[in-house]
Amino acid sequence: MSPYDQIKKRILKQLCVGLSLFILSSGALGLASLFLGNSFPILRETNPLVWISLATIFIALTYPVIDHAYSWLFRQVLFPRRPRLVFILSRLSQELSLTHELGELANLLVNTLGEVLELKAVSLLVRSPNRDGFRIASAFGWNVTDYRRVRLPEENPMIELMKAAGPQVLLREKVVRALSWQEANKLTVHFETLRTNCIIPLWVKEELIGSINLLVSSNDTYPDEGDIRCFKDFGAGVAKSVRNALTIGELESLNEELKDAQSQLLQNAKTAAIEQLATGIAHEIHNPLTIISGKAQVLLLQKDRKVYDEKVEEVLKTIVQQTRRAADITRRLLMFSRASQSPREKLRVETILEDTLSLIAYQMSLEGIEIKKFVGQDLPDFYGNVQELREVFLNLLLNAVQAIGPGGKIQVGIAFRKADKVFTIQIADNGPGISRDNLDKVFNPFFTTRPGGVGLGLFVTQQIIRRYGGSIRAESEPGEGTIFVIELPYQEDTATQGTNFSVASDPSGHNLPSPEGKHVV
Amino acid sequence: MKEMTRLLVVDDEPDICEFLKSFFQEREFKVETALSGEAAIAAVEKFRPHVMLLDIKMGPVDGLTVLKKIKEKHPRTKIIMVTAIETKDKIEEAIRLGADNYVTKPLSLEYLENDVREKVANLALNA
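Protein chains in written order, with my numbering: chain L, 205 to 725; chain V, 8 to 134.
In short, the hints are calculated from the structure, not lab data. One thing to keep in mind: the hints can contain errors.
Said to hold, decoys possible - In silico DSSO-like pairs for lysine-lysine, Cα to Cα no more than 27 Å straight-line:
hint, chain 1, residue 1, chain 2, residue 2
1, V, K97, L, K550
2, V, K80, L, K499
3, V, K28, V, K80
4, V, K64, L, K499
5, V, K97, L, K474
6, L, K499, V, K85
7, L, K474, V, K95
8, L, K521, V, K28
9, L, K550, V, K95
Stated by the list, open to error - Which bits of chain V does chain L cover? Going by a derived footprint, with three or more residues having C-beta under 8 Å, they are:
hint, region
10, 51-58
11, 114-126
We treat Cβ as the ideally placed atom computed from N, Cα and C, and that holds for glycine.
Construct all of the structure, not just a fragment, from the sequences and the given hints.
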């Protein structure tokens, strides 16, 4: 039933009332002049003014009665409201039971009720999943910002009232009438806040999970006893649907958490496997390396060097150096092993960047590489391990240096985002970029495109960043250079944290917007 | 004649033992080797070394257990731990148990020789 039908109905009713009044008044005046003309000479007058005034008096007296009679006739006989109400509510109830998303369900409910029952306002109040109060899931006839602000704690008088009343529909008039003047006054405010004069509470078993709050606009549509019974049944059905939607919502978010935990576990398992592998390799390989390097050292330590020429000495020194380098690979793999974690202290991120830059400044000046540095205002202290952070900067800077070659440019930026307390560090180069295929692999262990490279730098970097609960990603477009973006959450004092490292997942949703057209890992 | 310094090399890798033995023998040390923790404990009683080079990772009796037992009984024996990898907690544990130093593989022989000689000199001073 649309509002236009209602208007038509109203016009029809007014026409009927008008016609009836006209017929009745002419009839009544005709009869009056016939029978009472002898006793009241005035009724024989032909002056129309007299007739008009008499008709007006008659109409004024009979209008309320006639109007009421027609209202009753329209509502109960010609256009009975209840069967329609029952039909609409049961259809809606069915529709709702098929809707499993709370937002969608709430919108459908309030909009349908609001439109069809011609209500001024409807809202669906729902208990929050962590059971610390109630909020409005959706509303009709409200400002969006208004209803989003409504939060009712468990001890709110309205909630207590609903809990006390059980599954009864609460009409504001009845509730207020039953209370003392003062109590009623208090409660009125809460009815106003919820913009309602008719509350259908939603109960599932013994638990109040919310309510449908209607604001009925006119006396014409004010619910009677029969309507209230319909509302009560409707409420029971809606309660089940809302409960289901809530449960499904909770399950979905739990499922998400599980998925995250699972991928974290997988990540940890991978890390643990590599750790185990590295420890095994270290023990198996370092022994033969010790002997190779040792024999070479023995020869180098010979007192009588005359038996060797310079070339042999050079070869021996290379053997010693290269065995040391081979051993360093397993050491770097174990950098992120839990056992070799180093303590954290208060430090300045920009100072560590500065130190690291000075380490490679000479190499960069030789290759004519230009480096620009941007350090944001008001950076707080960071609690971390100097070696680890230096390793991060060094790996990324060397990566950039190797990517661009002589004459390239590198930009380094450090900033602190106060909103979510996150350090953002960007290292950008104008090198050849990384192909889409390779971009997915840059953080994999032993992945390298550089001849002679080991492929551990970015892997170890990622492991370190993750240990601080941060994230690192690479954005690149072939031919347009590469940006590495690190997000590092602000760390509390180590005194409270100890060395209890958590391998947190990437804080999604806090990512910087990525430049358009670049692939993001 | 001056008494030779007695050095006990403990490592479960025979090649390492042999290599270190020949290296130190050439430098006028009296060297014995042990290939396990148990053998090391027995060798200490017989050989009474001044200095021990002790590998941490050995099974079933590892270097830390040997270290603890020997330091309890012969606290004057200087013990240098040898590790394939610097595992921080193992090293801290070794130092807590009284290890005198630690070196990592592959070894820098020059450093190791100097360190052993230094330990012997300390022993002589405190004798």
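Going through the hints against the structure:
no.	hint	verdict
1	K97(V) - K550(L)	26 Å, holds
2	K80(V) - K499(L)	35 Å, violated
3	K28(V) - K80(V)	25 Å, holds
4	K64(V) - K499(L)	23 Å, holds
5	K97(V) - K474(L)	23 Å, holds
6	K499(L) - K85(V)	25 Å, holds
7	K474(L) - K95(V)	22 Å, holds
8	K521(L) - K28(V)	23 Å, holds
9	K550(L) - K95(V)	21 Å, holds
10	51-58	violated (count 0)
11	114-126	holds (count 4)
Of the numbered hints stated above, those contradicted by the structure are hints 2, 10, listed in ascending order.
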